[in-house]
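I would like the entire structure built from these sequences, with the hints used as guidance.
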Amino acid sequence: MSLIHTVNKSPFDRNTLDSCLRLAAKGSSVLLIEDGVYGAIKGTEKSDLVTNAMSSIAFYVLGPDLQARGVSSDKLISGIKIVGYGDFVDLVAQHSATQAWL
Amino acid sequence: MSLIHTVNKSPFDRNTLDSCLRLAAKGSSVLLIEDGVYGAIKGTEKSDLVTNAMSSIAFYVLGPDLQARGVSSDKLISGIKIVGYGDFVDLVAQHSATQAWL
Amino acid sequence: MKFGILVNEGPYTHQAADTAYQFALAVINKGHEITRVFFYHDGVNNGTRLTTPPQDDRNIVSRWSEFANTHNIDLVICVAAAQRRGICDSGESKRNGKDTDNIAPGFRISGLGQLIEASILSDRLVVFGD
Amino acid sequence: MKFGILVNEGPYTHQAADTAYQFALAVINKGHEITRVFFYHDGVNNGTRLTTPPQDDRNIVSRWSEFANTHNIDLVICVAAAQRRGICDSGESKRNGKDTDNIAPGFRISGLGQLIEASILSDRLVVFGD
Amino acid sequence: MSDKGGTVKKLMYINRKAPYGTIYALESLEVVLIGAAFDQNISLAFIDDGVYQLAKGQNTEALGVKNFSPTYKALGDYDINKIYVEKESLQARGLNQDDLMALTYEDEDDDWAEKNSIHIVSTKEMSDILEQQDVVFSF
Amino acid sequence: MSDKGGTVKKLMYINRKAPYGTIYALESLEVVLIGAAFDQNISLAFIDDGVYQLAKGQNTEALGVKNFSPTYKALGDYDINKIYVEKESLQARGLNQDDLMALTYEDEDDDWAEKNSIHIVSTKEMSDILEQQDVVFSF
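Residue numbers (our numbering), protein chains in the order written: chain U, 1 to 102; chain E, 1 to 102; chain V, 1 to 130; chain D, 1 to 130; chain S, 1 to 139; chain Z, 1 to 139.
Just so you know, not all the hints are guaranteed correct.
Unchecked claim - Straight-line alpha carbon distances no greater than 25 Å define the calculated PhoX-like cross-link-like pairs of lysine-lysine that follow:
no., chain 1, residue 1, chain 2, residue 2
1, S, Lys-56, U, Lys-75
2, Z, Lys-66, E, Lys-75
3, Z, Lys-87, E, Lys-46
4, E, Lys-46, Z, Lys-10
5, U, Lys-42, S, Lys-56
6, Z, Lys-73, Z, Lys-10
7, V, Lys-98, D, Lys-98
8, V, Lys-94, D, Lys-98
9, Z, Lys-124, E, Lys-75
10, U, Lys-42, S, Lys-87
11, U, Lys-46, S, Lys-87
12, Z, Lys-124, U, Lys-26
13, Z, Lys-87, E, Lys-42
14, E, Lys-26, S, Lys-82
15, U, Lys-75, S, Lys-66
16, U, Lys-26, Z, Lys-10
17, E, Lys-26, S, Lys-10
18, D, Lys-2, S, Lys-56
19, E, Lys-75, Z, Lys-87
20, Z, Lys-56, E, Lys-81
21, Z, Lys-87, U, Lys-26
22, E, Lys-46, Z, Lys-56
23, S, Lys-56, U, Lys-46
24, E, Lys-81, D, Lys-98
25, U, Lys-81, S, Lys-56
26, Z, Lys-124, U, Lys-46
27, U, Lys-75, S, Lys-87
28, E, Lys-26, S, Lys-87
What the hints assert, rightly or not - Here are the in silico distance ranges between beta carbons for each label pair:
no., chain 1, residue 1, chain 2, residue 2, range
29, D, Ser-90, S, Glu-108, 53 to 63 Å
30, U, Lys-75, E, Lys-81, 41 to 51 Å
31, S, Gly-64, D, Asn-96, 16 to 26 Å
32, S, Lys-10, E, Asp-90, 50 to 60 Å
33, Z, Gly-6, E, Ser-73, 29 to 39 Å
34, Z, Gly-64, S, Asn-116, 48 to 58 Å
35, D, Ser-62, V, Asn-72, 19 to 29 Å
36, Z, Gly-94, V, Met-1, 37 to 47 Å
If you are wondering where the hints come from, they were derived from the structure by calculation, not from laboratory data.
Glycine included, each C-beta is placed from N, C-alpha and C at the ideal position.
Okay, structure coming up:
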């Protein structure tokens, strides 16, 4: 079991996604929530940050937060899985601990 | 008269110093306050951002915020002027309007 | 599984208070247990009964109170953080020489030890903040 | 010169409330005038009389109250922001069916028009936030 | 400058934050609506993550919070039609004007023709507009 | 894992924010001090702007707020001596260990010799330490 990291800030506004991906171990997971979901969009200045990390880290994004912000699933970087609050709970249960990048 | 911009966040944490310097007009001023004072330090990954802007923008940094954070004046980028709260008031009075990059 | 939840931000200003609630609800719906929801930093402001949100908006405070009541959840507000920010129950109010209190039903005020204890007694701790 | 001051964050959590106070003090010391200090967003939390900060720390709320009293400064809390966050005076408390209020001396609750008006009547508006 | 009667000032609202993650966008909009009654020269700037406030297709049902994006469409009715969006902010986010809601107003000086309120401007243009303001609100 | 008696967990406090601009650093330290009484396996990580919390020479007199930096020096007395500072975070800020306060503890297993509590670690090492934790506190 490995850690699951949550990132709740826009990668255009804060450094938390950068820091998370610098320090997340291979085999760990990242869940993008709240304004963090902007990091899941393809074709942005920050997309490469996530794309490059996908070989060793599993990415999830919270669906309700995407919908609120008008981000349709076709805009996402391919390979990021959309999850709900129930899946959020499952992901926390399936990982050894949770680190919130605040 | 031109604008004075205030930046109160660390340039390592947020994008406000970047945005401020992208949008600050020639002849305007920037005052670094609170955690924004970390942007005034030389020899960091963000120092060039300020150094490059100094030809067209005047930089000020709030002394009480530097002292609280243990930043001595010899660590500052040369040409940035240390000011107090009274000078802050004068600067606001001397510029046409104030824009706080929050 | 046992979950501890830490809420670091107040209602309405940051989404943290909403996400924490939706997560807590999902924990219960998944059949897990919540050891404690601990409110720290501006999170203590989730526990004031004096809020009056717009009628077309959710009521974050009463939502927590109902959640605590329905599922018997322990909602703990950090006393030190609460003193700085003006949240108190009748005991705290008297001790600090105040003329009134503002704590909402279902919340109680206690020390930071309750957060550490929750992290030890829970299988997972999840933090929501700014 | 006339200064308007906008405070967007609450006490202790963000330095904005401190910087705004130090700036306001300097405005007066420089012989200028303060049209109004307007508290918006979490800034409304500067106006609760229920805070009890540690004895070796500054008291942000009472510092504002004394400042208002000494220099006759208009401290205005936005009513809409205050309702969301649980700050009320006795009138608001009654109107919203609450059993108590928590506003600190020297503050008053009013509408957002007071912010716009302050920006028009002042020569400069200075904003402090997160 | 501090005269009360008839003063018309240039007031700009700077919107730099995404909606929903924090309340700043919503509460900024509340100021704009109240401020519209004061007959000042109003403009709105959308910079950085602020451009996300204008995104099409916002749906907050699953979040349980209020979707306030339709309110932007009402700004034209309040005679607020100088809405500046920084092009570079859109580009960094892979967005263009088609991704934004259409915001329009009826021009009373042009036989009430419906016109676009959104002006996509360069960084330099935004910088120039900022410099002209008497008051800059940021939240 | 949820047994009460004798459970010793690995608890890590992540410090990523600068002091004074916000209260998170101070209130995090208050949790650390209270948590020291629980006989768990405690470590502290200083990452990103969190490294500024340990800066030498902090003087808050002109600010009118409390200087809480001396409290870090007391951590050794609370048996908290696993303090990890990410090297890359220091370098990005032009800092090295000489810019930080000296934090020490007395090692009871080594005749109470005074030892350094601060461990400067690489990103990879910090990542490995993080992975070993049972609970990660962040504020």
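**Report entry** Lys-124 of chain Z paired with Lys-46 of chain U [C-alpha distance capped at 25 Å]
**Finding:** Answer holds: Lys-124 of chain Z to Lys-46 of chain U is near 22 Å, not above 25 Å.
Requested in this report: For the pair supplied as a hint, Lys-75 of chain U and Lys-66 of chain S, confirm whether the alpha-carbon distance does not exceed 25 Å.
Outcome: With a Cα-Cα distance of about 24 Å, the restraint between Lys-75 of chain U and Lys-66 of chain S holds, given a limit of 25 Å.
Query raised in the report: Is it true that the CA of Lys-87 of chain Z sits at most 25 Å from the CA of Lys-42 of chain E?
Result: Holds. Lys-87 of chain Z to Lys-42 of chain E sits at ~18 Å (cutoff 25 Å).
Query raised in the report: Falls inside 53 to 63 Å, the C-beta gap from Ser-90 of chain D to Glu-108 of chain S?
Result: Between Ser-90 of chain D and Glu-108 of chain S, where Cβ atoms are some 45 Å apart, the hint is violated.
Query - 25 Å Cα cutoff - pair Lys-87 of chain Z, Lys-46 of chain E - result: Holds: Lys-87 of chain Z and Lys-46 of chain E sit about 17 Å apart, inside 25 Å.
Query raised in the report: Is Lys-56 of chain S within 25 Å of Lys-46 of chain U, Cα to Cα?
Result: Distance ~21 Å between Lys-56 of chain S and Lys-46 of chain U Cα, so the pair holds.
Query raised in the report: Taking 25 Å as the top limit, are the C-alpha atoms of Lys-26 of chain E and Lys-87 of chain S close enough?
Result: 20 Å, holds
Query raised in the report: Is the distance from the Cβ of Ser-62 of chain D to the Cβ of Asn-72 of chain V consistent with 19 to 29 Å?
Result: With Cβ atoms ~39 Å apart, the hint is violated.
Query raised in the report: Straight-line Cα separation of Lys-81 of chain E and Lys-98 of chain D no greater than 25 Å?
Result: Distance of about 51 Å is beyond 25 Å: violated.
Query raised in the report: Keeping to a limit of 25 Å between CA atoms, is the pair of Lys-46 of chain U and Lys-87 of chain S held or broken?
Result: Holds - the C-alpha atoms of Lys-87 of chain S and Lys-46 of chain U are around 17 Å apart, at most 25 Å.
Query - Restraint status (C-alpha distance of Lys-87 of chain Z to Lys-26 of chain U at most 25 Å) - result: 20 Å, holds
Query raised in the report: Regarding the pair Lys-124 of chain Z and Lys-75 of chain E, is the alpha-carbon distance no greater than 25 Å?
Result: 29 Å, violated
Comparing the model with each numbered hint stated earlier shows that hints 4, 9, 18, 24, 29, 32, 33, 35 do not hold.
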